[in-house]
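Protein chains: 2
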Amino acid sequence: MEKKLSQPTHGSLVLLPTLYKVWSDANITNNEHKAFQSFFNKVDWLSKEDREYLTNKLDPESPPSREELEMWWQTIKSAIAEEKSYPHLSSIGVDILKKNAPIFAETFPVEKAEIELGKLENQLGIIGKSAALTFKSIHSNISTSYETQTAFATEKLTYLLDGKRKPLIDEVKSFISKKEFDYVDPGNLREYREQVLLWCKMLADKGYGSIGFPKEYGGADDMEGYFTVMETLSYRDLSTVIKFGVQFGLWGMSVFSLGTKKHHEKYLKDIGSLQLPGCFAMTETNHGSNVRGIETTATYNHKEKTFTIHTPHINARKEYIGNAALHGKMATVFAKLIIDGKDYGVSTFIVPLRNEEGKTLPGISITDCGRKMGLNGVDNGLISFDSITIPKENMLDRFSSVDEKGNFQSPIASDNKRFFTMLGTLVGGRIGIPRSALAASKSGLTIAIRYADKRRQFGPDGTAEVPILNYRMHQRRMLPLLAKTYACHFAMEYVTDRFLNRKEEEMQEIEALAAGLKSYVTWHNTETLQECREACGGKGFLSENRIDALKNDSDVYTTFEGDNTVLLQLVAKSRLSAYKEQFENMNLFTIIDYVVAKAKTSLTEKNLIITRNKGEAHLLDSEFHMNAFYYRENSILNSAANRLKRLMSEGMDPFDAVNVAQHHLYTLSLAFIERVVLEKFIEKIEQTSDPELKQVLKQLCDLYALHQIEKHNGWYLEQGYMEGGKSKAIRKMVNQLCWDIRKDAVPLVNAFNIPDACLAAPIAI
Amino acid sequence: MEKKLSQPTHGSLVLLPTLYKVWSDANITNNEHKAFQSFFNKVDWLSKEDREYLTNKLDPESPPSREELEMWWQTIKSAIAEEKSYPHLSSIGVDILKKNAPIFAETFPVEKAEIELGKLENQLGIIGKSAALTFKSIHSNISTSYETQTAFATEKLTYLLDGKRKPLIDEVKSFISKKEFDYVDPGNLREYREQVLLWCKMLADKGYGSIGFPKEYGGADDMEGYFTVMETLSYRDLSTVIKFGVQFGLWGMSVFSLGTKKHHEKYLKDIGSLQLPGCFAMTETNHGSNVRGIETTATYNHKEKTFTIHTPHINARKEYIGNAALHGKMATVFAKLIIDGKDYGVSTFIVPLRNEEGKTLPGISITDCGRKMGLNGVDNGLISFDSITIPKENMLDRFSSVDEKGNFQSPIASDNKRFFTMLGTLVGGRIGIPRSALAASKSGLTIAIRYADKRRQFGPDGTAEVPILNYRMHQRRMLPLLAKTYACHFAMEYVTDRFLNRKEEEMQEIEALAAGLKSYVTWHNTETLQECREACGGKGFLSENRIDALKNDSDVYTTFEGDNTVLLQLVAKSRLSAYKEQFENMNLFTIIDYVVAKAKTSLTEKNLIITRNKGEAHLLDSEFHMNAFYYRENSILNSAANRLKRLMSEGMDPFDAVNVAQHHLYTLSLAFIERVVLEKFIEKIEQTSDPELKQVLKQLCDLYALHQIEKHNGWYLEQGYMEGGKSKAIRKMVNQLCWDIRKDAVPLVNAFNIPDACLAAPIAI
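First to last, the sequence lines map onto chains A and B. Going letter by letter, the first sequence gives residues 1 to 765 in our numbering. Going letter by letter, the second sequence gives residues 1 to 765 in our numbering.
Think of the hints as simulated: they come from the structure by calculation, not from any bench. Do not take every clue at face value.
[Claimed, not checked] Here are some, though not all, of the chain B residues that point toward chain A, as calculated from beta-carbon distances under 10 Å: (1) Ser65; (2) Cys536; (3) Val566; (4) Val660.
[To be verified] Derived lysine-lysine pairs resembling DSSO-like cross-links, with alpha carbons at most 27 Å apart: (5) A:Lys614 <-> B:Lys645; (6) A:Lys454 <-> B:Lys336; (7) B:Lys359 <-> B:Lys269; (8) A:Lys732 <-> B:Lys728; (9) A:Lys119 <-> A:Lys42; (10) A:Lys112 <-> A:Lys77; (11) B:Lys136 <-> A:Lys342; (12) A:Lys645 <-> B:Lys136; (13) B:Lys645 <-> A:Lys728; (14) B:Lys77 <-> B:Lys136; (15) B:Lys405 <-> A:Lys4; (16) A:Lys711 <-> B:Lys614; (17) A:Lys503 <-> B:Lys34; (18) B:Lys728 <-> A:Lys728; (19) B:Lys34 <-> A:Lys645; (20) A:Lys645 <-> B:Lys732; (21) A:Lys112 <-> A:Lys98; (22) B:Lys4 <-> A:Lys342; (23) A:Lys732 <-> B:Lys645; (24) B:Lys645 <-> A:Lys136; (25) B:Lys166 <-> B:Lys206; (26) B:Lys179 <-> B:Lys206; (27) B:Lys179 <-> B:Lys166; (28) A:Lys405 <-> A:Lys392.
We put the CB at the ideal spot given by N, CA and C, even for glycine.
All chains should be modelled from the sequences, with the hints used to inform the complete structure.
Shown next, in the form of structure tokens:
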């Protein structure tokens, strides 16, 4: 089979790079073969021998051998000038000719051949200038060389993020970085749960559990501190965070907020020290989001001055109750209060579950919820009460009580208002959860972005491989999420502040804000961690790199403290009734005209200059962003209000009408929240004086704003708020911002300042 | 504190429902108070006593007591006629007046009062007709009563889905429904992995492992059967599916496809029976997607007729290798072939890992990958080779070999072509994985949709709660995913068929199709299971309901067999070069002009009638859908090709140019795949003769098509392919289709015919 390789004829040397190109990747196609044939028929500078040689070498049935291809390659390489730029492959061919047959070349019509061959290349679809690079050893490119540069002082940004709580944050970070907090394998439920209880005890001993309780009960009267601790703990094991939240936030705060002095005195200190582990038993199997529908009863017995707590059927058991399966000794139980056969709605009661030795008390049945998608360090359980008797003083009687004569009493006349006031005291959970989610997102992004900065894959021939963060798609996957994480950080700062300094009349607005942000931030977290998992490829799937636990532990945050979709419906109603209705009320009979009127007047006039403006200065103008977000919010508010009024006026059942418009209402809530998030981000930047921080935050804010507008471009175009050209310009600007921010990406995640012990991902350290 | 309740004055009775309404939910607002005051100043039919009573009852500082509200409620209830429709609250007031003060009512200007009070209600934002329903015990509504109806024979649809492989599918389903296949807790890695090995042995004993191998080696020569088995197994434990795929698909098929007769005779039978568990050792730590960059070497020693397999450094270890940590005895190892110091590119070799007793052989180091996000029944490991010597015949020598004289030989001249031909033989994995993913999606949807049909939450007062699947948002979350699952099913059927009946010249097209669909379907699966998790709330978080395992086990499918984002880049290049280039080649120097030309000519002329047509017949016309999908695909192909040509002609490094256009290329690939998916769905419907099935599939297909157009509405509007009004009409139609399909949703998931033993979710059975 082996035979001597035939040398190219002199005239065919100019075609050698083209020949090599069409063969090197695959077989020659029919179209290519035809293109060569018609080329041969046209040109007059190929000899009979040239034509024979070339025809032979272009036969699709008889491809050149590996050795022959290699000989061509060597011939081309030895003639090429590394520094020279070749417009066509034939320009290389001319150099080959000159080198290998210098005398022949003197009489050869090189210019003509180069031009005519250039046309052939075009016909073959070869982009000469690019293809010429195939034969060069080195050629510079941006993708390989672009890299991390620190344009600002990372620690200053950390300081800006942490704010005045930095000392507490640093203290908690340092505490949970201790060896004792090292992650454990979640495989063995029993061991994992005991470990988590131990961690919670360590935190309680340090005083973190009671930090939000009044000083007289061992606390520090520092609710903001409580949120800060909960958020900072979220850089470590999330089961611990949730167990911590159940014990001190739900169990403790329910006793504090729904009970009165006698309860505070009796229980708070032991709750704060974790001497008295307890549960928050609200949700039932049949009633999760619809708390009003719960069926557990608390029947008052005036003679004995007791209540009988009872679970009427299996689907009225308390479900998913944290601390229930193993450790809880008592619970705040939500039950319908029955006096003399009359139902007075939902009230709360302290019910003992286990004795000192941890044995379940008679009449109490507890079933373990078993393994879960995540949070396996938390012992969730189902609780059933078989006519349990508790003394009257166990009623948490701040908002409803039974008087000396056995009559129902409440400082709040309206049943609706009482119910939502009671739930409203627990709104803190809707702040704690998204702040914890945000910490998880920050961990995920730190891991994925640091990895993407180091990990190299593919690259132009002859150069180093490219850090995957230099790929535009990878930037698109990671950096808008990073920008949104920063945006959400400032929004959570804002809502925490509003909550801590609340006045009675602002409560409904704050509840709507908290409910909306809880949904927005927890969904953002789920999306972020999913993207981080995929962006780290196989490494992201290994538990050792922690994205597994981050994602699975925090996944249920979108369900906790109110299902996100349900919460957004409530937020929408709050917007529509302008805080008139108790916004958690599911029906909606009242839509105030001035909501519509207000929305309408604030709609900016559409104006051709703005709808078409594609200038960079305009696209990066925060005022443009803010106007666009307001326009969207108000338009949707207006259209949703009008639609509901119309449907109901036409006689549609209001429940059906709200259902028909459900997707509309969902969009309304998100538009509202996005506007708040952008507004707070812009305000934060205005307050920042350091020019370097200001600049990097402005870029992130621009990316956040434009990425949202890009996501909603269908809506904006529908409305005529912008034209197609502007929409394209925005897409391009998002790409550009991703590219620009890429070099700051690592410093931006480093500014989250998450201890390596907490990250604990080998790919990130 | 207790005092007698004052009775409403006669004239104030007409205002009682309005009074009740403004107080029942919350406190009275300032605006409301003002509205009442100006109303009092206007009307002449209220007496001094009426005004006194009402002013007293409207004092924001002194809300009515609970008892008073209840008295009003009783007064209203006892006067209301359940069957009557009341346009205003005052219309109820008139009935109250007539009932409680009939003589007074005779002289009272009822009509005037009703009209004037109606205006007040409007001012207060109360929608009278709706608000009146507050006082009725029963009022019909659609949300509560809408329910599942079976409009077609479920078993016929199952038959249509399963097609001619139904007997095999039923056989496998019945086999894996046995008690022996009951799910185990994944907590204990060691136990779980041994269980999975046992399950694989049971499947091998049944002949499923070797089904795709030639008959002479114990198989059934039935590759289609192999895909069918792998897909059907995916209704049970997914670790088993992947271990099965590693053993029979990767290890077995690599020996079969890359080796020659001597290897087949020596190994295939034992592989098929699982006597010889093995690995597929391609991926290295530093090189996942970029297989060409692997660094493991196989150095030929001509004197000894051996190869030395060596791992040069820690990051060149084979990583994530299934079967490696515990059970694999041999491996197909991808390594760079070195002869006489010269690198001949990637070849494959059979390398023994463990002896008969399972002890690791000298020179082999294996590290366990440990716990993963999912698939914990698979023993993935890292393998390192310390100058291992293997005999020459262990080279899998179908595509490259070393001849008697020690020279490299290959039937394929081009290095590129050889490399991609070798990888191309493994394209089966890119069909098996998405088919497995689709089975997981079907399981998730069956669980979530059955649950949503039964689970009730909230409802209008006085009626039953509403099945959550009747909520429009819930429909929007679930039903487009169901439609897309059906769409993907038929597309996978198509690509499987193309693959099984492939001709050499179609290989590149089929590879692009498989790579594209692999990405599309596995992402769809991740999204579907995430949505199912959330849609089932807390129940979805409990492992017992299986969404946990489905999601976490299949999550890595988006990374397996080529990272989705990387694969889509390859698909785009294949489209751009019209199958000329080996599409896995990362650079792109050739863009055939006729790609652009072809794309351009097939772009439908935009036409005002179509861009504005909002008619239902048009929106539900498959031709409109198909045109829109083709238009999108061709436009993006055209613009991407032109953009790349421009960038490269301007002298940009081609690698950079491809990088700049990366997001564009990604969009191109998805547009291509979506067009294929829709086309195959429509073809399937055309081939379906049963009118009931045809109708339900047409609805699903419409939902799939319109939901994609809705998702891309920004793009269509940018292009002027449709106008804003049409875009809105499409959104409305998507809502309507969701509503219509909802009643078929349960039968549609039942048609997947997944055994209860496999679903095993308490909420779904």
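Structure-based check of all given hints:
no. : hint                  : verdict
1   : Ser65                 : holds (5 Å)
2   : Cys536                : holds (9 Å)
3   : Val566                : holds (8 Å)
4   : Val660                : holds (7 Å)
5   : A:Lys614 <-> B:Lys645 : holds (24 Å)
6   : A:Lys454 <-> B:Lys336 : holds (24 Å)
7   : B:Lys359 <-> B:Lys269 : holds (22 Å)
8   : A:Lys732 <-> B:Lys728 : holds (26 Å)
9   : A:Lys119 <-> A:Lys42  : holds (12 Å)
10  : A:Lys112 <-> A:Lys77  : holds (23 Å)
11  : B:Lys136 <-> A:Lys342 : holds (20 Å)
12  : A:Lys645 <-> B:Lys136 : holds (20 Å)
13  : B:Lys645 <-> A:Lys728 : holds (19 Å)
14  : B:Lys77 <-> B:Lys136  : holds (8 Å)
15  : B:Lys405 <-> A:Lys4   : holds (17 Å)
16  : A:Lys711 <-> B:Lys614 : holds (24 Å)
17  : A:Lys503 <-> B:Lys34  : holds (23 Å)
18  : B:Lys728 <-> A:Lys728 : holds (21 Å)
19  : B:Lys34 <-> A:Lys645  : holds (23 Å)
20  : A:Lys645 <-> B:Lys732 : holds (18 Å)
21  : A:Lys112 <-> A:Lys98  : holds (15 Å)
22  : B:Lys4 <-> A:Lys342   : holds (21 Å)
23  : A:Lys732 <-> B:Lys645 : holds (18 Å)
24  : B:Lys645 <-> A:Lys136 : holds (20 Å)
25  : B:Lys166 <-> B:Lys206 : holds (17 Å)
26  : B:Lys179 <-> B:Lys206 : holds (16 Å)
27  : B:Lys179 <-> B:Lys166 : holds (22 Å)
28  : A:Lys405 <-> A:Lys392 : holds (13 Å)
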